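J.: Using the sequences and the hints given, assemble the complete structure.
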Amino acid sequence: MFDRSELRTQMPCSEQMLSYFPPWFSEVVSCKNLSLAKQAAHSLYSQYLDSCDPEHLEDNFLSTPVNNTCICFLLDQIYYAVRVLLLFPQVILNGKIKAFCGGSIINEKWVVTAAHCIEPGDKIEVVAGEHDIEKKEDTEQRRNVIQVITYHSYNATINKYNHDIALLELDKPLVLNDYVTPICIANREYTNIFLRFGSGFVSGWGRLFNRGRPASILQYLRVPLVDRATCLRSTKFTIHNNMFCAGFHDGGRDSCQGDSGGPHVTEVEGTSFLTGIISWGEECAMKGKYGIYTKVSRYVNWIKEKTKLT
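Residue 39 is where the sequence shown starts when you use the working numbering, and the numbers rise one by one after that.
Calculated directly from the structure, the hints in this document are not laboratory data.
Take these hints with a grain of salt, some might be off.
Said to hold, decoys possible - Cut-off 25 Å, straight-line C-alpha distance, at most; resulting in silico cross-link-like pairs (PhoX-like, lysine-lysine):
{"id": "1", "residue 1": "K346", "residue 2": "K333"}
{"id": "2", "residue 1": "K161", "residue 2": "K147"}
{"id": "3", "residue 1": "K174", "residue 2": "K342"}
{"id": "4", "residue 1": "K333", "residue 2": "K198"}
{"id": "5", "residue 1": "K147", "residue 2": "K333"}
{"id": "6", "residue 1": "K274", "residue 2": "K325"}
{"id": "7", "residue 1": "K198", "residue 2": "K174"}
{"id": "8", "residue 1": "K210", "residue 2": "K147"}
Treat the numbers as computed from the prediction; the structure is a model and nothing was measured.
T.: Set out below in structure tokens:
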């Protein structure tokens, strides 16, 4: 069950943190949360920085091509701003359009979600800036999806959860603001580091308990990473190397039906990085069972190539 999120306001960044880094580091950082990201990496991962000068970096540390304006988001606001709701207008239940998946904003034209959410021929509407789906809050932006790209190894007829990632191209760019903003994506190496050592969170409008009613207000929950051996022992199903487990052995708290496609983010000193995609599980919040997530580090280069991130 997700905890209810509460929106908070933005906080100004301190420029003093810029002095904490070696001069070369600003050359490999490109993100809206520029100076905060520098402080985050320095404070938590300083052991990696001495060997990470530009000569040894394959690609940029951060890849979201927004601008270098210093904007710091509190944790609960970043979920609201980077997350989207996927609507399927052709499916009407009880007079309402069915919404059963989420996604994350990559840039103004692209959203990332779970491939199993999308069926061939689906008409998909993306809603960004959403918080309470029962109310019109004048922060929402609606876009139609004009192209779906699944990972080249994805084959739903063999396994609908292996390589469970898809990119959605929007018909027109989102207008970025306080309520609609891209999530930060690190390179493959740092995405792995953040996942292993950071604090992971998931969010969504999915069911509040197994087979229960969906949430109307965006929920979020901290989920600890589960070691791979424990993960493998917890299920009879295959956990591929591009998946990871997160959650609580005692159950009671978990992502649930309707949260698929949404982000698993790792919070690093107030900045949120995409580290996973909500994929599947055995029911939800069951004792001894965990949520299974697509490991984003395996797909960073593919995301950059397809969405033209630099």
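J.: Each hint should be assessed against the structure and marked as holding or not.
T.: Here's how the hints hold up against the structure:
1. K346 x K333: 20 Å, holds
2. K161 x K147: Cα-Cα ~17 Å, so holds.
3. K174 x K342: 33 Å, violated
4. K333 x K198: Holds - the C-alpha atoms of K198 and K333 are around 15 Å apart, at most 25 Å.
5. K147 x K333: Holds. K147 to K333 sits at ~22 Å (cutoff 25 Å).
6. K274 x K325: 15 Å, holds
7. K198 x K174: It is violated: about 34 Å lies between the C-alpha atoms, which goes past 25 Å.
8. K210 x K147: 7 Å, holds
Going through the hint list in order, the structure does not satisfy hints 3, 7.
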